[in-house]
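Participant: Listed below, chain by chain, are the residues.
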Amino acid sequence: MTATIESPRSGRIAPQYRRSGGSRGNFEMIAWLFMRLSGVVLVVLIFGHLFVNLMVGEGIHAIDFGFVAGKWADPFWQFWDLAMLWLAMLHGTNGVRTIINDYAEKDSTRRWLKTVLYSAAAVIIILGTLVIFTFDPCPVVDGVPLPGGFCPA
Amino acid sequence: MPTKPAGTLYRGREGMWSWVGHRITGVVIFFFLLVHVLDTSLVRVSPEAYTAVIGAYKNPLMALGETGLVAAIVFHAFNGLRIIAVDFWKKGAKYQRQMLWAVLGLWLVTMVAFSIRHLSLALGGH
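Line by line, the protein sequences are chains A and B.
Everything in the first sequence is counted per my numbering, starting at 1 for the first residue and increasing by one.
Everything in the second sequence is counted per my numbering, starting at 1 for the first residue and increasing by one.
So that you can see chain B by itself, here it is in the shape it has in the complex (with noise of 0.2 Å):
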């Protein structure tokens, strides 16, 4: 097997590193949501077993951990709507790395008002 291929229009651009950060962020939040589905399941055993876990979530530590969460989440889903307008839309792939770019400023958008607001909230005196 060669270890080295010849270098491509793909290999290390835009779409390379679009596809591995999709992955990564994909794998993180399968990963959360079997915990949450069973942190949520605790309404089953009692109301204060419920409370206390998600008191968990309330400390400043993991607000911080909340906001790495939906990074991850905003990224997948912004990205994979991209990936929907390169396989479908007919200029898609022509234009998939102005679309990347679009991608992580929307994504900046979106993060800096979620954090200004979810920080606010979570590390807010209360």
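This is chain A alone, in the form it adopts within the complex (with noise of 0.2 Å):
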């Protein structure tokens, strides 16, 4: 008496039906789940630079050359801005991926405007990696020291 039905997605899935596959492969899930875990630590990054940077003592008016010298002489702070920079860039990047995916209709539309995104997006992470690494506390141009830095006497 009793028919048994199958219970959905148990059988064969006609091709065009199939979530998976083809040559995008799974990246539209792993970027949603690299939203929600770097989101979380973005929180911690964002939250604790914007207590150490502002809240913290005199606040802004800290904030100079001498104040960033003496963040990044620790590797500590170097690895954070780091951690905060690759994160933020990527995460926001997809962000607007996701906004051009949406609003822009022609497809040589949304081609031209992620270009644009990901070329900024690459200057912006090479740019901030090759600052934090190449930093120097004491410039020096043709010998002499440049004011206002901060050299070992």
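Hint data in this document are derived by calculation from the structure and do not stem from the laboratory.
Treat each hint with caution, since some may be false.
[As the list claims (entries may be wrong)] With a cut-off of at most 25 Å between alpha-carbon atoms, the simulated DMTMM-like pairs for lysine to aspartate or glutamate come out as follows: (1) B:K58 with A:E58; (2) A:K71 with B:D87; (3) A:K71 with B:E14; (4) B:K90 with A:E28; (5) A:K71 with A:D81; (6) A:K71 with B:E66; (7) A:K71 with A:E58; (8) B:K58 with A:E28; (9) A:K71 with A:D136; (10) B:K58 with A:D81.
With the hints as a guide, bring both chains together as one complex.
Facilitator: Rendered as structure tokens:
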């Protein structure tokens, strides 16, 4: 009397309805997961960044070249800022990519906007990374230390 | 294409407006981030160039702008944690409205505290 009904998706799925496969693989799922994982880490990194730079001591008035030199003398803050740079840029770039996909209807418009977006993101990530790792507290031009630098006596 | 879709529980309610807020704050933060990496990069040009440009962040009008930026960041952060709860917590979708009000409450408390501290530092006699 009782007919057994197969549970959904237990059988073969016609190719056009399959969610995985295709050249894009599961990129969108990885991107979705990345937004959540990086989001949690960014809350900690950015709240810490804002607290240390704006809420402590003299706050924003303390920020100058010496302040940056003091922070980046410590590998801890170099790593903090590097992680913040990469995670925030990838998180933001993926967010703007989603917005472009949502609102730009023409294929050519989407491709254009994403080319601009990815180029800008690449430039900013590479520039920021180089700045963190090549920072010099005592910059010297033609043998003369620039004013405002922190040079060993 | 129909211009007036049937009303839903989502359209025009907490779910939709928090989504709109998340998008707008996200874009604002992204564009500030681009500028902020560029201004920080001036430490590689010269100490004076960096200190001069950072000086622009210290005027009273910018202090209000910074407060607005932090307001966007704090909303995006708390609402982002709410989205994670909606996605990963079993009862997340059921309590998404209550969680939005919690987000707004926490946002208000955080912003009152931040504004008092930041504006008194930035605008205070120095």
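Participant: Does each hint hold? Answer for all of them.
Facilitator: How the hints compare with the structure:
For the hint pairing K58 (chain B) with E58 (chain A), the CA-to-CA distance comes to about 12 Å; that is within 25 Å, so the pair holds. A threshold of 25 Å between alpha carbons decides the hint, and for K71 (chain A) with D87 (chain B) the separation of about 37 Å lies outside it, so the pair is violated. Between K71 (chain A) and E14 (chain B) the CA atoms are separated by roughly 41 Å; this puts the pair beyond 25 Å, and the hint is violated. For the proposed pair K90 (chain B) and E28 (chain A), the alpha carbon gap of about 22 Å is at most 25 Å, so the pair holds.
Between K71 (chain A) and D81 (chain A) the alpha-carbon distance is near 10 Å, which keeps this suggested pair within the 25 Å criterion. For the hint pairing K71 (chain A) with E66 (chain B), the CA-to-CA distance comes to about 21 Å; that is within 25 Å, so the pair holds. With a C-alpha separation of about 16 Å, the suggested pairing of K71 (chain A) with E58 (chain A) holds against the 25 Å cut-off. Taking the CA atoms of K58 (chain B) and E28 (chain A), the gap is near 41 Å; set against the 25 Å cutoff, the hint is violated.
With a C-alpha separation of about 12 Å, the suggested pair K71 (chain A) and D136 (chain A) falls inside the 25 Å cut-off, and the hint holds. The suggested pairing of K58 (chain B) with D81 (chain A) holds, with an alpha-carbon distance near 22 Å, which does not exceed 25 Å.
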